[in-house]
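Based on the sequences and whatever the hints tell you, model everything.
2 protein chains.
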Amino acid sequence: MVTSRDVARLAGVSQMTVSRVLQGSTKVAAGTRDRVLAAMRESGYQPNAAARTMRTRRTATIGVVVADITNPFYPQLLEAVGRALGEAGQRMVLWNAPDSGGTSALEALDEGTVDGLLFTTATETSPGLADAVERGQPIALLHRGLDGLDCDQVTTDNVAGGRAVADYLVGTGHTRIGFLAGPDLPATARHRERGFRDRLAELGHPLADPLVARGGFSHDVARSATRDLLSRQDPPTAVFCANDLTALGAVDGAVSLGKRVPADVWVVGYDDIAMTSWDSYDLTTVRQPIADMSRAAVRLLLARIDDRDRPARVEEFPCELVVRGSTAGTPQPSAVDT
Amino acid sequence: MVTSRDVARLAGVSQMTVSRVLQGSTKVAAGTRDRVLAAMRESGYQPNAAARTMRTRRTATIGVVVADITNPFYPQLLEAVGRALGEAGQRMVLWNAPDSGGTSALEALDEGTVDGLLFTTATETSPGLADAVERGQPIALLHRGLDGLDCDQVTTDNVAGGRAVADYLVGTGHTRIGFLAGPDLPATARHRERGFRDRLAELGHPLADPLVARGGFSHDVARSATRDLLSRQDPPTAVFCANDLTALGAVDGAVSLGKRVPADVWVVGYDDIAMTSWDSYDLTTVRQPIADMSRAAVRLLLARIDDRDRPARVEEFPCELVVRGSTAGTPQPSAVDT
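Each protein sequence line maps, in turn, to chains Z and H. The opening residue of the first sequence carries number -4 in our numbering; numbering runs sequentially from there. The opening residue of the second sequence carries number -4 in our numbering; numbering runs sequentially from there.
Among the clues, some could well be false.
Put simply, identical chains are the same to the list, so a pair is met inside one copy or across any two.
Unchecked claim - In silico SDA-like pairs for lysine to any residue, Cα to Cα no more than 25 Å straight-line:
id	residue 1	residue 2
1	Lys254	Val318
2	Lys254	Asp277
3	Lys22	Pro93
4	Lys254	Leu225
Please keep in mind that the hints were generated in silico from the structure rather than gathered at the bench. Every value quoted in this text rests on a predicted model; they were computed, and no experiment measured them.
Printed below as a string of C-alpha cells:
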C-alpha cells in the first residue's frame, strides 16, 4: 500500500505539501503541484476520494455548466475558464446540459465531488439552481446573469453593447435596420435587445416589427430568417444579430441569395468568437473580455468556497465594438447625444 | 433526514427502483429515472457519494476526455456522445485536457467518481493512459485509436478516407496537389496521410515535398501555409487538408489572396463538421459517422464496466466522401483500379 509519505519522498517535498495538494490548497506552486501529482501517478498512490473529501472537504475541482457546446462561443469561454482555474491550482470538469440544465452538476456539488459550480448558461428556469443557491452552495454565474438571484455573478454590460450597435448603425446612415433576436430566456439576449431597441427609438429610428426575426441561437434559423428579410420589397440595409453564431448564419443567408456583404447588406454580430475574424466572414461584432471575466468568476467562486457568508458580488465588464469588413463605415458620434 | 424510502413514496415507485437509479442501472425507463431524480431534488435527498460508491460501486457517470474543444469537431462529437450516454441512462462529465492529457480524469476514475472513461484524443504520449488500461480500468478510445493498446476502440477507416480523396482528385484531372498534414502524433492524422500519400503514388502522382505543409490542427497555421503554397510559381490546383478546421483555414488563406475556390484552387477537408455545409465555405470533405461511432463506444465501454475480463474489441467504421462547392467535379473511377 503506497502512502502519502512515499509520494512525498518521491516528489522531494514534505508530507504537508502532499496533503496541501490533496486539499487543493492554492498555496502550492504549480510546478510543485505537478511534481506531486506525477509522483502520485508514478507510485500508484490512490487517495480514497470519499475518505479524502470527508477529511479535507475539498476536491480542488470546480464544475462548469454549459448549455450548448456546439455554439462556438462556449468552447472559447470554457477554454478561458479552464486556464483561469489552472492558474488557481483548480481542476475543471464540465457538464453539457442541453436539457437538464445542470441537474447532474448540482448533484455532484451536493455529493461533494466538486467544490463549487460555475453556471455559464443559467436562466430563470434552470432546475434546482435557485434552490441550491438558497441552501448556500458555492455557485457563481458567468456570462449569463440572473436578476434577483443572490449569488456571485460576472457578466458584461449587454445593454451598453446593444446601444453601441444602434449608435454605430444610425451614425453611419442606416434607417431600415433588421434585428435577429435571440431566444427569450437568456438575460444576455434580452439585455442586448433592450439596449439596441431603446437606443434606436431614442435616435428616432425605432425598430420596425416586420424587420425583427425571433428565434433560437442557431445558424440555420438565422440563415433562413435573413433570407426572408432580404427577400422583402424593402429589405433592411443592415442586420444586427444577438450573437455571432446567428450573424454567421445571416451572412450565409445573404451569400445564398447572391448578395454581397457589406455592399448589399451590413451584418453585425455579438461576442467576437474566433471565427468572426476569419476572412470568409470578417464580421463586425461586440467583444466580450472573456479572459478577464473568467478570472473574475473563478476568483469570486473560490472566495465563496472559503467563506460562504461573504456578501454576493455582481461584476459587470464593459464591452467593445470591433469594426471589420462586414460593415463599411467607421463609428461616428451619433445624431443624438445622451 | 430524508431517506430513499421518502424519495420512493414521492416518485410513486418502489424503493428498489430508487436504488436502481442510484446504481445507474440501465433497467429503469428514462421517464421513471427522471421522476426519481426529480423526487430526490424536491425532497432534498442527498445520497452520500462515497457511501453510495462503496455500496454499489457505480456512479452512472462516464467521463469523456478531449484535447481541444475549440476545434469544432469535438463539440459535435461530445454532443453525440452525450446523446448516446443519455440513451443508456448515463451522465457525462467532460475533461478538456490540452496539456495534462487526461490526468485529472484518470484520477477521477481511480477515485471512483466516474465508472469509466472515453478518450477522444488519445496519443501514445497521453500520460498514464496505457498504465490505467493495463491495470484493467474501464477505458475506451473513440475517434483516435492507438495501435497496440489492449482496450476497446472505435475509429473510422482514415486510411480509406485518405485514399478516397486521392482517387477523387486524380480522377478529376489534378496532378499538382498540395497537402496540409496534421500534427505527427494523432493516429487519425497519420492514417489519413498514409492513405492519401500511398494512393497518389499508386496513381502515378506522388506527393511533391514542396507542396506538403506540416503543422498543427489550427486555422491560423493552415491559412498561412496555404498562402505560401498559393504564392509559389507553380501553385497546387487542389489542396487536401487533414481536417476540416485546417480546410477552413485553407479557404480563408485563398480568399485573403483574392483567389476563388474552386475556380483558382480546390479545397478538400476531413470530418464533415457542421460549418463545412455553410454557404461561405461549402466544403468538400470526408464524413465520419459520429452518431453511430459514439453509440458503439458507449456500448463497448458499458459492457467493459460490467465485465472487465471480456476481450477488447476494435470497431472501425467506413467513411464517405461528401462533394460540395469547394471542388468542381463529381467523383470518377480513378485511372488505376486496385
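To see whether the hints hold, each was checked on the structure:
Proximity of Lys254 and Val318 under a CA criterion of 25 Å is satisfied in both settings, with 20 Å inside one chain copy and 24 Å between copies. With identical chains, the CA atoms of Lys254 and Asp277 are at most 25 Å apart both within one copy (16 Å) and between copies (16 Å). Taking CA atoms no more than 25 Å apart as the test, Lys22 paired with Pro93 passes between copies only; the shortest distance there is 24 Å, against 36 Å inside one copy. In this homomeric assembly, Lys254 and Leu225 come within 25 Å of each other (Cα to Cα) only inside a single copy, at 9 Å, whereas the closest approach across copies is 27 Å.
The structure shown violates none of the earlier numbered hints.
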